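A.B. asks: The residues making up each chain are set out below.
Protein chains: 2
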Amino acid sequence: MKRAVTFTEGVRTGQARTGLLSTQHGEVQTPAFMPVGTKGTVKALTPVDLREAQVEILLCNAYHLWVRPGHERVGALGGLHKMMAWDGPILTDSGGFQVFSLKEFRKITEEGVRFRSPVDGQYRFMSPETCVEIQETLGVDMAMALDECIEWPASREHVAASTARTTRWLQRCLDARKRPEHTALLGIVQGGFYPDMRIAHAQELVEMDLDAYAVGGLSVGEPTEELLGMVETVVPHLPKDKLHYLMGVGYPSDIVEAVIRGIDLFDCVIPTRSGRFGYAFTSVGRLAIKHARFSDDSEPLDPACTCYTCRSFSRAYLRHLFQSKEILALRLISLHNVVFYQSLMSQIRDAIREGAEALETLRKKAEIWTAPMPE
Amino acid sequence: MKRAVTFTEGVRTGQARTGLLSTQHGEVQTPAFMPVGTKGTVKALTPVDLREAQVEILLCNAYHLWVRPGHERVGALGGLHKMMAWDGPILTDSGGFQVFSLKEFRKITEEGVRFRSPVDGQYRFMSPETCVEIQETLGVDMAMALDECIEWPASREHVAASTARTTRWLQRCLDARKRPEHTALLGIVQGGFYPDMRIAHAQELVEMDLDAYAVGGLSVGEPTEELLGMVETVVPHLPKDKLHYLMGVGYPSDIVEAVIRGIDLFDCVIPTRSGRFGYAFTSVGRLAIKHARFSDDSEPLDPACTCYTCRSFSRAYLRHLFQSKEILALRLISLHNVVFYQSLMSQIRDAIREGAEALETLRKKAEIWTAPMPE
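Those protein sequences? They're chains A and B, same order as listed. Per the numbering used here, the very first residue in the first sequence carries number 1; after that it's consecutive. Per the numbering used here, the very first residue in the second sequence carries number 1001; after that it's consecutive.
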């Protein structure tokens, strides 16, 4: 069977590696970062903006698009790519994470998850089969299997039962596929924060010979060391000729650390959400544009940046727009942050090619973007 | 003295005329429409968007920029053009209209207007001299004199007293100018809805030999016939070699009717505000994107339009974005409406060149954009 996506490893430095993901909507240089377009739009930005920012792949959310406007409607409009005018690759998260976040509004059984949608108050039921049907109808390049996201901390018993169900659900996802040559299916390694259970689950998934592998159930409240420890535990058990995706991560330093542990793909709302809250990532750290000290500052957000925002506007103007609650502020800072993240990924790929020393330099540098914000 | 702006009449059909406004920031083909960038941004759009929409001149608001971020700050940042990265001509409204709208929060004396700013709660005082100083410091191409906007209806006695004061304030504005060769000063014809007083005021202003002339105090709640009647009364008394600007107008039909009566320049928030409320102007009328009938509509907003929004996205997608409260919806519909208005002005200029019949055809067609919205 021809796979919907293939992955070729490039240069390797330790566990870190460059690579090339090939899809029917084009190639992606890895390590790569996916801006998040939950509802079929990366907030405030157009596909043209994203292309100019060197974005090669987007993440959208199957659950959100299922609830509104409805996956069949998207399908009838020619699929998600056509509807949102993005002709590059798209990965959809299943929305399992969002459904599980509903807590008191959802009930999990072996069959699937019943929940009440916050959008329309209607009861809905997502099974592994529904999950695959939605994503294949959206026509995306990569679909995520339905999994149960386990909270942190959790008992061994609970993790064991939940992870076993995730595996059974994954098999049902595989069996439900109708367009495997168009939409890849990614399995998600769970196993909580128990290394032996993580490894056992990774090995189970590898035996199922999936299109690509995700590490899930992380970034759920645990310390960063725990997160990175689990990545370090799992990745050596994943195939080298398949993509490794770390879901929902993260800050630049988390990304660099995870790359060093063998991760190829990331997604996170941080660049766009930070942008809408007036926080800009710059080559010397983060900056909160609301601060009065920028009132008369004629410098761009980041003098080292060549994005449209930095080529055109001063911090003083952006602060004025932000304080005046102008939409343009959110758009311009989001754009800058997306460019920043893409540039970071490019620097990471360069560092891997250059070798261990360059990667270590970048790892140390990345700490400036996680340090507490200056007041 | 070299004037900051000059105007050359082109083709004339009845009172309607094409023309060319020359400024230090480039030329403007008239009749022209200025999108409104009150606080130094046309909401949700960049200068690049505006150029792509064929916009040649913007309107900003001196009062708003004075209150925030402050005209001296804008001046220190290199002026309004540089701050907002718009290198074409800018006209600033004085903000007199906004100050007078504050009603119980302002007090008018011969000296000027004292008011309490809604932004910071501070008391401020705007005199004709302040008004000129603000706009010259912003460095705009065209400044509006401080005038008193009279409500409708108003007694002859009140109109006479107010209009006389507007003339005295205009003289003070003229006397206060320090950069007349950089920033043109426009006088505003008042006179309420009394034709004889309108004519008398126009004649007074013409004797003052101003850079250009505006018709003010209209679109304040009166019926459209009253508005157009006043334009028809005033324009024949204005010099042919000076620009005629009708402030705050309006819907496409108002614009066409006013062009027929000799107006060269317009501004209005309608295209952008409508866009943010989900209303699109199209070649067959207006459209409210929220309506359920667009849920599965794969057509663009206007199949006859070539803007980025219409080239790229369906009504169904735009409705989805709007219903999902996505910023991108506001941006894309605003962009479309700005392009629509610029295209309308281009059609008007073509019709004037073609002759009376073409202009009459356009006049009739424009009614579809003022008819009540379909439910």
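Keep in mind the hints are simulated off the structure, nothing from the lab. Be aware that a few hints might be false.
[Unchecked claim] Derived CB-CB ranges, DEER-like:
id, chain 1, residue 1, chain 2, residue 2, range
1, B, F1277, A, E72, 27 to 35 angstroms
2, B, R1311, A, K2, 31 to 39 angstroms
3, A, M1, B, R1311, 33 to 41 angstroms
4, B, R1311, A, Q54, 18 to 26 angstroms
[What the hints assert, rightly or not] Derived contacts from chain B toward chain A, CB cut-off under 7 angstroms, selection only:
id, residue
5, K1043
6, P1069
7, A1085
8, L1328
The structure displayed is predicted, hence computed values, not measured ones. The C-beta atom is built at its ideal place from N, Cα and C for all residues, glycine as well.
A.B. asks: Return the status of the interface hint for A1085 (chain B): holds when the least beta-carbon distance to chain A is below 7 angstroms, violated otherwise.
C.D. replies: holds (4 angstroms)
A.B. asks: Is the shortest C-beta separation between P1069 (chain B) and chain A less than 7 angstroms?
C.D. replies: holds (4 angstroms)
A.B. asks: In this structure, is the beta-carbon distance linking R1311 (chain B) and Q54 (chain A) contained in 18 to 26 angstroms?
C.D. replies: Since R1311 (chain B) and Q54 (chain A) have Cβ atoms about 22 angstroms apart, the given range 18 to 26 angstroms holds.
A.B. asks: Taking the least C-beta to C-beta distance, is K1043 (chain B) closer than 7 angstroms to chain A?
C.D. replies: holds (6 angstroms)
A.B. asks: For the hint 33 to 41 angstroms, verify it against the beta carbon of M1 (chain A) and that of R1311 (chain B).
C.D. replies: holds (37 angstroms)
A.B. asks: Verify the CB-CB distance for R1311 (chain B) and K2 (chain A) against the hinted window 31 to 39 angstroms.
C.D. replies: 33 angstroms Cβ-Cβ, so the 31 to 39 angstroms window holds.
A.B. asks: Take a look at whether the Cβ-Cβ distance between F1277 (chain B) and E72 (chain A) falls inside 27 to 35 angstroms.
C.D. replies: holds (29 angstroms)
A.B. asks: Was the hint right that L1328 (chain B) lines chain A, CB cutoff 7 angstroms?
C.D. replies: holds (5 angstroms)
Of the numbered hints stated above, none is contradicted by the structure.
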